[in-house]
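Asks: Here is what each chain is made of, one letter per residue.
2 protein chains.
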Amino acid sequence: MTERLLTFPTLNQTQITALTSLGVDVVPASDWETATDIDIIFGWGQHGPAVLQNPQNHVRWIQTVSAGVDYLPLDWINAHNIQVTNASGAYSAAIAESTIGYLLYFLRDFNDAVKNQAGHFWQVPARSDLATLANQKIVIYGTGSIGQHIAELLNGFGNYPFGVNRSGHGVTGFQGTVSLEDDAALVKDADVIINAMPATPATVHYFNTDYFEKLNGVRIFVNVGRGKSVDEQALMHALLYQNVLNAALDVFETEPLPRESKLWDYPNVLITPHQTGFDVDNIRPIFGYLSDNLKSWDADGQLTVNRVDVSRGY
Amino acid sequence: MTERLLTFPTLNQTQITALTSLGVDVVPASDWETATDIDIIFGWGQHGPAVLQNPQNHVRWIQTVSAGVDYLPLDWINAHNIQVTNASGAYSAAIAESTIGYLLYFLRDFNDAVKNQAGHFWQVPARSDLATLANQKIVIYGTGSIGQHIAELLNGFGNYPFGVNRSGHGVTGFQGTVSLEDDAALVKDADVIINAMPATPATVHYFNTDYFEKLNGVRIFVNVGRGKSVDEQALMHALLYQNVLNAALDVFETEPLPRESKLWDYPNVLITPHQTGFDVDNIRPIFGYLSDNLKSWDADGQLTVNRVDVSRGY
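From first to last, the protein sequence lines stand for chains A and B.
Each residue of the first sequence is one higher than the one before, counting from 1 in UniProt numbering.
Each residue of the second sequence is one higher than the one before, counting from 1 in UniProt numbering.
Don't read these hints as lab results, they were simulated from the structure.
Don't take each hint at face value.
Because identical chains cannot be distinguished in the list, a pair is counted as satisfied if it fits within a single copy or across any two copies.
Here are the simulated lysine to any residue pairs, SDA-like style, with alpha carbons at most 20 Å apart [stated by the list, open to error]: (1) K115 x H274; (2) K115 x P267; (3) K137 x G217; (4) K115 x L263.
Put together the whole structure using the sequences plus the hints.
Replies: What follows is the structure in structure tokens.
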């Protein structure tokens, strides 16, 4: 059976040949306006909604190249029984490495060093200004693929983090987990808080004024989840009033982060432009998910890898 | 038997009491000029040579608070049969964490991010600009306590580094080791080179023009060993001609690094002010070495922890 797949990422010839051998007719995204009979969308882009809603197409499956799928028209997709598989896991290793990098950037006092370097200042910090990862109390929100990868790397530093998830179920690599409702006691004396949750209605502005007021000088707050989970005004307030001492942020309420955002100028904030999952080899695992799903899809109409519960949003 | 110990670090009352209970009379460094009959020196400072050479003293042992001992008057110490024990191992965990931080700073493209942040630039890098530690070919010079700690942390990232040491003997955590004489083939296609060697006559300017010319675009060069091991002029040349693409340096030929050094302004160099081993808990393991050595010294005149071969210099 021949399926027509519209691909937003540019595929190389080896990848196109591989898809063709699986019985797939590959349509580049540049042909979106004239293409018809599209069954599958790979990736997403500006013209995704038009492709999806074109009555000449009959899209039944979207394989994203992202882990989060909150940018898709999920209500429409749900109403039309379109299946979605995501790229969960493809970025986890890179995101976890970036996260360890963020923590060491502040714990090993690189943040002061880069500022002093700009002024040619040899300013030796106090020994007590530096700390090791091994000795931090770390709480990770989200114990899925990303959270688990972060925990695994932390374990290599002799650190066993705590996890927070919906139900509080235990997860390998964590010394303990609690549910979102029961996190107050856990975070009160945390040294490090990491958000790695997906964006869902339940997590929008989870990190708000009420949340930050529970904290007593958390050394580092990291957001590698979704920008919408953090109320940026509340975070800036927490940074000023030292409920939070430093923050590393890769995602924002509005992206690109507007030039006029005050966050840029906070001396104790590290801003990276939603790059934390980037890796020279990113496409390799994602193409693997697509191929594996294509095989089962052709065999029995099932998608076996990374199925999204569209009604839940992840 | 009462020993008189002159201490350069300021000890707290608990530590002084602990030493007193071991039969030690503690003399603070501020009393260096009037003190006599000093047997043991703990740490080192400006007036160390005067204390050592005062004929009213009879120093037989120096317990340093540093891993390297190249700043001591080793010839004089050797000629007078004074024993030296160092703080090897006390800083290794912190140095290893800093080293991982340096690597992630460049691999995860924080170096561009901090510069872009200063200008409020949301500049998304290419996916191919970022890489993961897991996929780097890493060569560590020095396979002692520091090198082994770095290797151990790298193992947690799924990376098994290569080691270079004097004899080429194998070491746990490394996928292979070669001797200093046989490193050319190993470093030719290395992604990362880390210096963690002590300063000895054999390692002075080991990383010189001849060395850097062997490299084909090493992604990151790290120096957490000693400043004298690197010819800084040669390194700057290598950075300009892209034998080395980025460098993280914690130690320098002259410290503090002079304000007029051109190194400060290299956009692909991260400079930290000899802080890589700092930790809020630094004194704890070193005080442990001192106590353990005091016990054996009193029992049978032996020093069991971290004895330095004074003639070799480490």
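Asks: My question is about K115 and L263: at a cut-off of 20 Å on alpha-carbon distance, are they close within one copy, between copies, both, or neither?
Replies: Both, since 17 Å and 15 Å are each at most 20 Å.
Asks: Within a copy, between copies, both or neither: where do K115 and P267 come within 20 Å Cα-Cα?
Replies: both (9 Å within a copy, 13 Å between copies)
Asks: First find the shortest C-alpha distance between K115 and H274 inside one copy, then the shortest across copies, and answer within, between, both or neither for a cut-off of 20 Å.
Replies: between (22 Å within a copy, 16 Å between copies)
Asks: Between copies, within a copy, both or neither: which fits K137 and G217 at Cα up to 20 Å?
Replies: Within. Shortest intra-copy distance 13 Å satisfies the 20 Å Cα cut-off; inter-copy 39 Å does not.
The structure shown violates none of the earlier numbered hints.
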